[in-house]
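S.K.: Order-wise, the sequence lines are chains A and B.
All residue numbers for the first sequence refer to this note's numbering, where the first residue is 1 and numbers rise by one.
All residue numbers for the second sequence refer to this note's numbering, where the first residue is 1 and numbers rise by one.
Just so you know, the hints here were simulated from the structure itself, not pulled from any lab data.
Heads up, a few of these hints could be off.
What the hints assert, rightly or not - BS3-like mimics (lysine-lysine), calculated; alpha carbons at most 27 Å apart, straight line:
hint	chain 1	residue 1	chain 2	residue 2
1	B	Lys52	A	Lys92
2	A	Lys136	B	Lys52
3	A	Lys136	A	Lys92
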Amino acid sequence: MIIVYYSRNSPWPALLAALKHCRPALPPEEAWPAAAAWLQAHSCPGGQPYFLRRFGESSDGDTVYLMSSGVPAPLLMRTMNGLFELAGGDSKLLLAAFPLSWRRRWQHCGSRRRRACWREIEALVERTRLQAELMKQR
Amino acid sequence: MMIIFQCFGGTHTSVVAAFIYLGRLPRTRRPRLEEILSLPYFDRSGSADLGKLHYAGRDGKGNPVFILGSGRWGAGIRAMAAALLRLEGYPPAEVALIDCLPLVTLPVRVGGFISQRLGLTAVGRPLVGRGFLWNYTRLLELVEHFERDPASYLL
Numbered sequence: 001m002i003i004v005y006y007s008r009n010s011p012w013p014a015l016l017a018a019l020k021h022c023r024p025a026l027p028p029e030e031a032w033p034a035a036a037a038w039l040q041a042h043s044c045p046g047g048q049p050y051f052l053r054r055f056g057e058s059s060d061g062d063t064v065y066l067m068s069s070g071v072p073a074p075l076l077m078r079t080m081n082g083l084f085e086l087a088g089g090d091s092k093l094l095l096a097a098f099p100l101s102w103r104r105r106w107q108h109c110g111s112r113r114r115r116a117c118w119r120e121i122e123a124l125v126e127r128t129r130l131q132a133e134l135m136k137q138r
Numbered sequence: 001m002m003i004i005f006q007c008f009g010g011t012h013t014s015v016v017a018a019f020i021y022l023g024r025l026p027r028t029r030r031p032r033l034e035e036i037l038s039l040p041y042f043d044r045s046g047s048a049d050l051g052k053l054h055y056a057g058r059d060g061k062g063n064p065v066f067i068l069g070s071g072r073w074g075a076g077i078r079a080m081a082a083a084l085l086r087l088e089g090y091p092p093a094e095v096a097l098i099d100c101l102p103l104v105t106l107p108v109r110v111g112g113f114i115s116q117r118l119g120l121t122a123v124g125r126p127l128v129g130r131g132f133l134w135n136y137t138r139l140l141e142l143v144e145h146f147e148r149d150p151a152s153y154l155l
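All chains should be built: construct the whole structure from the sequences, respecting the hints.
M.R.: Shown next as structure tokens:
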């Protein structure tokens, strides 16, 4: 199954979610440096309207991607989920979007902010795992 | 193949183009204003419908035809849809996306604003409809271009 984490305006939330998905035991204090290092290694060439990278595989064997652009998440979710459902037949692709559009500087936010963000990330990953399980059972 | 006609709101230009394609609007003459105003979805979708694929019907080859409003993010949606449909492990799917946004004219824009944003449908809707009558040939050309060369519209 393919899982794509999406966040608007910054790849950071999607990247943190991908990290949490593939490494469930990862604490937030390690997630930020790991995300910064990953982004440095996978920098996006300029001029692209979106950022899409393969992140890795989860323990369940799912392939995890992350994606970011300026398109609002609800709009993208409505279009893509409709498209996958209609065009993809019984294929398994799940697009999970970080619900908030925070324009803050993710890399340099304080510890309180990080903890608040991390709770959102954990909720997103948990919901995505449940959705993936349900899709696999269908 | 899945066929999607896309414009800003998914309620005017893409609707007319989709129904020309499906044969509900004539190709040998200009339609009457009532024919345009009576189309399903015409001037009826709101901003909450942006991003939803609205089913319009099936063409002569059995391909499903949809209408989509993408706001000002049409190009981004197109690029990301193309990228996601080509992901490794995802089965190949044929999706043609016809962007009708370049054919949105000033009367359509103004009429749409009056009808959709100001809620004055009695004023805005006929103006939009007349805008399409004045611009019908270009819409017809777009549809016929797609029929001649569908490959250039594939994602």
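S.K.: Would you list, in rising numerical order, the hints stated earlier that this structure does not obey?
M.R.: none
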